[in-house]
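S.K.: Sequence:
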Amino acid sequence: MILVILAILVWCLGWWLNSRLANSPASKTRAVQLLVPAIFGITVLLVWELLVRGLEVSLVILPAPSVIAERFMASLPILWEDFAQTILKGALGGYVIGCGAAFLTAILVDRSDFLRRGLLPVGNFVAALPIVGTAPILVMWFGFDWQSKAAVVVVMVFFPMLVNTVAGLRETSAMQRDLMQTYAATYWQSFFKLRLPAALPFVFNGLKISTTLALIGAIVAEFFGSPTVGMGFRISTSVGQLALDMVWAEIVVAALAGSAFYGLVALIEKSFTFWHPSQRG
1 MILVILAILV
11 WCLGWWLNSR
21 LANSPASKTR
31 AVQLLVPAIF
41 GITVLLVWEL
51 LVRGLEVSLV
61 ILPAPSVIAE
71 RFMASLPILW
81 EDFAQTILKG
91 ALGGYVIGCG
101 AAFLTAILVD
111 RSDFLRRGLL
121 PVGNFVAALP
131 IVGTAPILVM
141 WFGFDWQSKA
151 AVVVVMVFFP
161 MLVNTVAGLR
171 ETSAMQRDLM
181 QTYAATYWQS
191 FFKLRLPAAL
201 PFVFNGLKIS
211 TTLALIGAIV
221 AEFFGSPTVG
231 MGFRISTSVG
241 QLALDMVWAE
251 IVVAALAGSA
261 FYGLVALIEK
271 SFTFWHPSQR
281 G
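According to full-length UniProt numbering, numbering within the sequence shown proceeds without interruption in unit steps and concludes at 281.
In short, the hints are calculated from the structure, not lab data. No false leads were slipped in.
Computed spacing ranges between beta-carbons, pair by pair:
#: 1; residue 1: P121; residue 2: M1; range: 57 to 65 angstroms
#: 2; residue 1: R30; residue 2: F114; range: 46 to 54 angstroms
#: 3; residue 1: L76; residue 2: L264; range: 17 to 25 angstroms
#: 4; residue 1: A22; residue 2: W80; range: 33 to 41 angstroms
#: 5; residue 1: Y187; residue 2: P130; range: 37 to 45 angstroms
#: 6; residue 1: W15; residue 2: R111; range: 48 to 56 angstroms
#: 7; residue 1: G143; residue 2: W80; range: 20 to 28 angstroms
#: 8; residue 1: V60; residue 2: A31; range: 35 to 43 angstroms
#: 9; residue 1: N23; residue 2: G118; range: 49 to 57 angstroms
#: 10; residue 1: W80; residue 2: F114; range: 41 to 49 angstroms
#: 11; residue 1: P37; residue 2: I61; range: 22 to 30 angstroms
#: 12; residue 1: T186; residue 2: P121; range: 29 to 37 angstroms
#: 13; residue 1: F114; residue 2: L242; range: 52 to 60 angstroms
#: 14; residue 1: I61; residue 2: I2; range: 17 to 25 angstroms
Just so you know, even glycine gets a beta-carbon here, dropped at the ideal spot from N, CA and C.
Model the full structure from these sequences, guided by the hints.
M.R.: Structure, rendered in structure tokens:
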């Protein structure tokens with residue numbers, strides 16, 4: 001009971017401290033903007049630890065953060081092999097192929113009314129298909145290794161990237177396009193000088209959305225067939241063994257990888273679209 005009361009006090013203290021920081025004159029500074037989520041995360045972990053210990057929650061239901069951290073450190077070689085198999089091979093490979101193919105297809109769609117009217121509706125239909133329906137089929141087609149996981153990722157990221165890129169390429173106004181024509185600019189000159197720069201915010205929006213989809217697709221696809229390595233395989237087998245601490249260790253790896261992947265794309269976006277209003281302030 002003491003630990004439960006302590007957890008409530010820690011939560012109240014963290015809430016009070018974050019409220020003070022968020023409403024302080026220095027709230028706009030970079031240091032405070034980083035400190036507020038850090039305090040919130042630490043508060044959640046402390047409350048989680050205290051409640052699980054105080055209420056004597058079973059390891060099968062919810063392990064404490066300290067138990068997860070212990071398992072994480074003890075299983076680093078296994079977690080690295082799973083990370084390399086799922087993220088570096090399946091997710092990243094499918095991400096590059098899917099987004100690259102979608103970008104090239106978007107250029108073709110932009111130049112063809114037939115493709116724009118015919119392909120995009122089909123894309124919306126395919127994007128709505130559940131991964132649990134497409135993943136087993138692609139695993140049967142491409143085998144049980146990382147190639148089938150990359151194929152699932154390609155299907156998941158292709159159409160969101162395509163739709164965003166096509167929308168970006170059509171962002172320029174008719175007056176801007178007419179001005180390029182008065183300069184006798186060719187399609188590719190107009191594309192690189194006008195339309196592609198205007199489309200970059202949309203392109204990076206598609207890339208950022210696809211980072212999450214790629215990670216989810218690669219992990220879920222491993223539930224339907226995988227060699228004896230991979231994050232999805234490890235999660236599935238650990239659940240069957242009631243090793244929930246290992247499941248949470250894999251979730252931590254996925255969260256860290258997803259955050260780093262998204263952050264890298266956002267950092268690249270900022271360097272390419274520094275002129276856009278969304279990057280100011």
